[in-house]
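If you're matching positions, the sequence shown starts at 1 in the UniProt record's numbering and goes up one per residue.
Note that these hints are calculated values from the structure, not bench results.
Note that the coordinates shown come from a computational prediction; the quantities given were computed from them, not determined experimentally.
The beta-carbon is built from N, C-alpha and C at its ideal position, and this holds for glycine as well.
Treat the hints loosely; a few may be bogus.
To be verified - What follows is a set of in silico ranges between Cβ atoms, one per label pair, in the way DEER data are often shown:
| # | residue 1 | residue 2 | range |
| --- | --- | --- | --- |
| 1 | E383 | P260 | 27 to 33 angstroms |
| 2 | R198 | Q320 | 47 to 53 angstroms |
| 3 | T48 | F445 | 54 to 60 angstroms |
| 4 | G324 | A457 | 40 to 46 angstroms |
| 5 | E383 | E94 | 33 to 39 angstroms |
| 6 | Q276 | D38 | 32 to 38 angstroms |
| 7 | T341 | G426 | 35 to 41 angstroms |
| 8 | K397 | A457 | 54 to 60 angstroms |
| 9 | T341 | T381 | 22 to 28 angstroms |
| 10 | Q465 | A63 | 35 to 41 angstroms |
| 11 | E25 | Q331 | 51 to 57 angstroms |
| 12 | E94 | F445 | 48 to 54 angstroms |
Unchecked claim - In the DSSO-like style, the derived pairs of lysine-lysine whose C-alpha atoms are separated by at most 30 angstroms in a straight line are:
| # | residue 1 | residue 2 |
| --- | --- | --- |
| 13 | K397 | K368 |
| 14 | K332 | K442 |
| 15 | K100 | K79 |
| 16 | K98 | K79 |
| 17 | K79 | K103 |
| 18 | K368 | K456 |
| 19 | K468 | K493 |
| 20 | K332 | K187 |
| 21 | K98 | K187 |
| 22 | K45 | K79 |
| 23 | K45 | K146 |
| 24 | K442 | K468 |
| 25 | K493 | K397 |
| 26 | K493 | K456 |
| 27 | K468 | K500 |
| 28 | K32 | K103 |
| 29 | K388 | K332 |
| 30 | K98 | K45 |
| 31 | K456 | K397 |
| 32 | K146 | K103 |
| 33 | K388 | K368 |
| 34 | K468 | K456 |
| 35 | K388 | K468 |
| 36 | K79 | K146 |
| 37 | K456 | K500 |
| 38 | K98 | K146 |
| 39 | K32 | K79 |
| 40 | K442 | K493 |
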Amino acid sequence: MNALTFEQRQAQQEVLHGVEKRIKEESTIIEKALVGLDENLSRMKNGTVYETAETMSFDYVHARAFRIMFLRGNRYDQKATADQMIRFFEVKQELFGKDKLVKDITIDDLDEDDLACMRTGSVQVAGKDRSNRTVVLTFPGLRAHKIIQNQMRSNYYMFMNVLQSEETQLRGYVTVAYSVGSAFRDKLAGEGYPDLARLVLAVPFHMASYHVCVSGTDLGEYVLYSVLIKAINISTRARFQVHFGTDLECQYSLSTFGIPTDRLPFVPGTEQVSLQRHLDWMQSHIRRGDKQGGGNSSLTNRSTLIEPTDDDFLCVSGKQCHNGGNNRLRQKVREMTDLYTSAMSAERRSVVDTIISEVRQSGGRFLKRTKQVEPIWIELTTEEARSKIYQMFRNNKRLRGASSRQQVSAGTPISGDPLPHDVLLGKFERNGGNVLLLNLVKDRFEEYDRLDRGMKAAVVNDVLQAIKDADGRFLQSSPNDNNRELYEVSNEKAREAISKCFRNYRRRMLQKVSL
Numbered sequence: 001m002n003a004l005t006f007e008q009r010q011a012q013q014e015v016l017h018g019v020e021k022r023i024k025e026e027s028t029i030i031e032k033a034l035v036g037l038d039e040n041l042s043r044m045k046n047g048t049v050y051e052t053a054e055t056m057s058f059d060y061v062h063a064r065a066f067r068i069m070f071l072r073g074n075r076y077d078q079k080a081t082a083d084q085m086i087r088f089f090e091v092k093q094e095l096f097g098k099d100k101l102v103k104d105i106t107i108d109d110l111d112e113d114d115l116a117c118m119r120t121g122s123v124q125v126a127g128k129d130r131s132n133r134t135v136v137l138t139f140p141g142l143r144a145h146k147i148i149q150n151q152m153r154s155n156y157y158m159f160m161n162v163l164q165s166e167e168t169q170l171r172g173y174v175t176v177a178y179s180v181g182s183a184f185r186d187k188l189a190g191e192g193y194p195d196l197a198r199l200v201l202a203v204p205f206h207m208a209s210y211h212v213c214v215s216g217t218d219l220g221e222y223v224l225y226s227v228l229i230k231a232i233n234i235s236t237r238a239r240f241q242v243h244f245g246t247d248l249e250c251q252y253s254l255s256t257f258g259i260p261t262d263r264l265p266f267v268p269g270t271e272q273v274s275l276q277r278h279l280d281w282m283q284s285h286i287r288r289g290d291k292q293g294g295g296n297s298s299l300t301n302r303s304t305l306i307e308p309t310d311d312d313f314l315c316v317s318g319k320q321c322h323n324g325g326n327n328r329l330r331q332k333v334r335e336m337t338d339l340y341t342s343a344m345s346a347e348r349r350s351v352v353d354t355i356i357s358e359v360r361q362s363g364g365r366f367l368k369r370t371k372q373v374e375p376i377w378i379e380l381t382t383e384e385a386r387s388k389i390y391q392m393f394r395n396n397k398r399l400r401g402a403s404s405r406q407q408v409s410a411g412t413p414i415s416g417d418p419l420p421h422d423v424l425l426g427k428f429e430r431n432g433g434n435v436l437l438l439n440l441v442k443d444r445f446e447e448y449d450r451l452d453r454g455m456k457a458a459v460v461n462d463v464l465q466a467i468k469d470a471d472g473r474f475l476q477s478s479p480n481d482n483n484r485e486l487y488e489v490s491n492e493k494a495r496e497a498i499s500k501c502f503r504n505y506r507r508r509m510l511q512k513v514s515l
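Working from the sequences, and respecting the hints, build out all of it.
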């Protein structure tokens, strides 16, 4: 890092800690890069597999979105992009044959050995970090395959699937290689790593950061990684971090870099990981392959009942669902409401499709229950999912309007009794909303406590919004009112109450430690 300028070091620290801003693309830069890419490919393609693919399907190879994906992965370096596109088609032909060269690879293109390799969970898509970058988690100790091509094909499918997200193309991805403990140490002694590295270099991923977690008792592995990192060029080396210690120490260290360890599949207190979320992700893709036609019946039983997971968005009537997937989708809709509202009609569909793609790539599904004597969960079609998200944007816009009106009228008395999720302010006041507030504070306390003062407000706003999403209000009785009439306080006063709740919770935690 010392070899970089101050500005470069500052930018790299923001990338490593997951707090960098979204990359803004300018149309002039994209158009110039596309022209430069064509010029480079014209000079380099003769006699290559790329030229063969171009002859087979010019439209596939020259598709604008396809080429922009490669440019984003190489940060618009036209020469590097041309090199990578040529390598990409060489590796793709090697893995899947010439007849698949200009076709998107689906899960039906993987054989049983490829799927068995994927099921080991040695490579998993583990959600997003604080900067909304995809986290790819690797466990060297879980690697198992008949031939290295099994792992290459399964990895290819997972990588290209993740790259369907424009957000991932722009922000890049974060890799965590976890080798803490004997259970996760690579038992194949690095076999096949050169081939896997060749695949990674052929896929248009931008690696934002690479974290290696090594056991505190394995000095040899720590020294090995440290030496390897020094052999890498300076700009790439700055994106590597080696974490050395116990499971708890390494996972805490990851959390300081914006990687939410509660989303990683570790089984607390053991040297094991849970593969359930990863297997659910696989199963959702297998079912999707069946629905799109040509599904291989040997891969899955179509009559298998769907069991919802925490990543799924559940469509339920009559009440708001607080499944993990629903909460994350509501948060995403809130974040993108301004972009959606300002966009033209055609662009709005693109915003919605990006959200659908991100939900599915994180292992989530859009599910609803059938209206039968014995109802079962089924997946929504893409059009049905779009309709749901369109409705969520409309509802969020309406709630924003209602919120602004409530803020103007804050201080006016409410009619009737408090609602179930209202928060009652006052030393001895209690209601369902107070319990909800305390639970939210407990869930977000570690994140709140490690943030700088200026960044804590984002967590406070999230808690406030979560209570409003549950139709809760912040109410206070007038001290001069003998009838104890309740008034709704302003959003600013509600934020002060939430901040105080966080401070009180910290004080109680410190008292427990001192005891």
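Here's how the hints hold up against the structure:
Take E383 and P260: their Cβ atoms lie about 32 angstroms apart, and the range 27 to 33 angstroms holds. One distance hint, 47 to 53 angstroms for the beta-carbon pair R198 and Q320, holds here, with the actual separation near 48 angstroms. Between T48 and F445 the C-beta distance comes to about 55 angstroms, which sits within the given range of 54 to 60 angstroms. The supplied range of 40 to 46 angstroms is broken by G324 and A457, whose beta-carbon atoms lie about 24 angstroms from each other.
As the Cβ distance of E383 to E94 is approximately 37 angstroms, the hint placing it in 33 to 39 angstroms holds. Between Q276 and D38 the beta carbons are some 46 angstroms apart, a value that contradicts the proposed interval 32 to 38 angstroms. Separation of T341 from G426 is about 38 angstroms and conforms to the stated range, judged on CB atoms against 35 to 41 angstroms. Between K397 and A457 the C-beta distance comes to about 23 angstroms, which lies outside the given range of 54 to 60 angstroms.
Checking the proposed 22 to 28 angstroms range against T341 and T381 shows it holds: the Cβ atoms sit about 26 angstroms from each other. For the hinted restraint 35 to 41 angstroms between Q465 and A63, the CB-CB distance of approximately 39 angstroms keeps it satisfied. Between E25 and Q331, the C-beta spacing of about 24 angstroms breaks the proposed range 51 to 57 angstroms. The hinted range of 48 to 54 angstroms is satisfied by E94 and F445, whose Cβ atoms lie roughly 50 angstroms apart.
Distance hint between K397 and K368 is fulfilled; the C-alpha atoms sit about 24 angstroms from each other, no more than 30 angstroms. Pair hint K332 plus K442 holds up; C-alpha atoms about 22 angstroms apart against a cutoff of 30 angstroms. About 26 angstroms separates the Cα atoms of K100 and K79, which keeps this hinted pair within 30 angstroms; it holds. Proposed proximity of K98 and K79 is supported: the alpha carbons are some 25 angstroms apart, at most 30 angstroms.
Taken as a hint, the K79 and K103 pair is honoured in the structure, with Cα atoms around 25 angstroms apart against an allowance of 30 angstroms. Among the hinted pairs, K368 with K456 is inconsistent with the structure: their alpha-carbon atoms are about 36 angstroms apart, more than 30 angstroms. This hinted pair checks out: K468 and K493 have alpha carbons roughly 14 angstroms apart, not beyond 30 angstroms. Only pairs whose Cα atoms come within 30 angstroms are accepted, and K332 paired with K187 is rejected, the gap being roughly 40 angstroms.
A distance of roughly 34 angstroms separates the Cα atoms of K98 and K187; the hinted pair therefore is violated under the 30 angstroms criterion. Taking the CA atoms of K45 and K79, the gap is near 12 angstroms; set against the 30 angstroms cutoff, the hint holds. Simply put, K45 and K146 have alpha-carbon atoms about 34 angstroms apart, too far for the 30 angstroms limit, and the pair is violated. Only pairs whose Cα atoms come within 30 angstroms are accepted, and K442 paired with K468 is accepted, the gap being roughly 18 angstroms.
Of the supplied pair hints, the one linking K493 and K397 holds, its CA atoms being roughly 23 angstroms apart against a limit of 30 angstroms. Taking the CA atoms of K493 and K456, the gap is about 16 angstroms. The hint holds against a cut of 30 angstroms. Between the alpha carbons of K468 and K500 the distance comes to roughly 18 angstroms, so the proposed pair stays at or under 30 angstroms and holds. The suggested pairing of K32 with K103 holds, with an alpha-carbon distance near 27 angstroms, which does not exceed 30 angstroms.
Note on K388 and K332: the hinted pairing holds, with a Cα-Cα distance of about 14 angstroms set against a maximum of 30 angstroms. Restraint check for K98 and K45: the C-alpha separation of about 17 angstroms stays at or below 30 angstroms, so the hint holds. Using a Cα cut-off of 30 angstroms, the hinted pair K456 and K397 holds, with the two alpha carbons roughly 25 angstroms apart. Distance restraint check for K146 and K103: the Cα-Cα separation of roughly 26 angstroms lies within the 30 angstroms cut-off, and the hinted pair is therefore satisfied.
Distance hint between K388 and K368 is fulfilled; the C-alpha atoms sit about 11 angstroms from each other, no more than 30 angstroms. Taking the CA atoms of K468 and K456, the gap is near 19 angstroms; set against the 30 angstroms cutoff, the hint holds. Among the hinted pairs, K388 with K468 is consistent with the structure: their alpha-carbon atoms are about 20 angstroms apart, no more than 30 angstroms. Between the alpha carbons of K79 and K146 the distance comes to roughly 36 angstroms, so the proposed pair goes past 30 angstroms and is violated.
A distance of roughly 12 angstroms separates the Cα atoms of K456 and K500; the hinted pair therefore holds under the 30 angstroms criterion. At roughly 23 angstroms between alpha-carbon atoms, K98 and K146 fall within 30 angstroms of each other, so this suggested pair holds. Restraint check: the Cα-Cα separation between K32 and K79 comes to about 13 angstroms, which is no more than 30 angstroms; the hinted pair holds. Note on K442 and K493: the hinted pairing holds, with a Cα-Cα distance of about 20 angstroms set against a maximum of 30 angstroms.
Going through the hint list in order, the structure does not satisfy hints 4, 6, 8, 11, 18, 20, 21, 23, 36.
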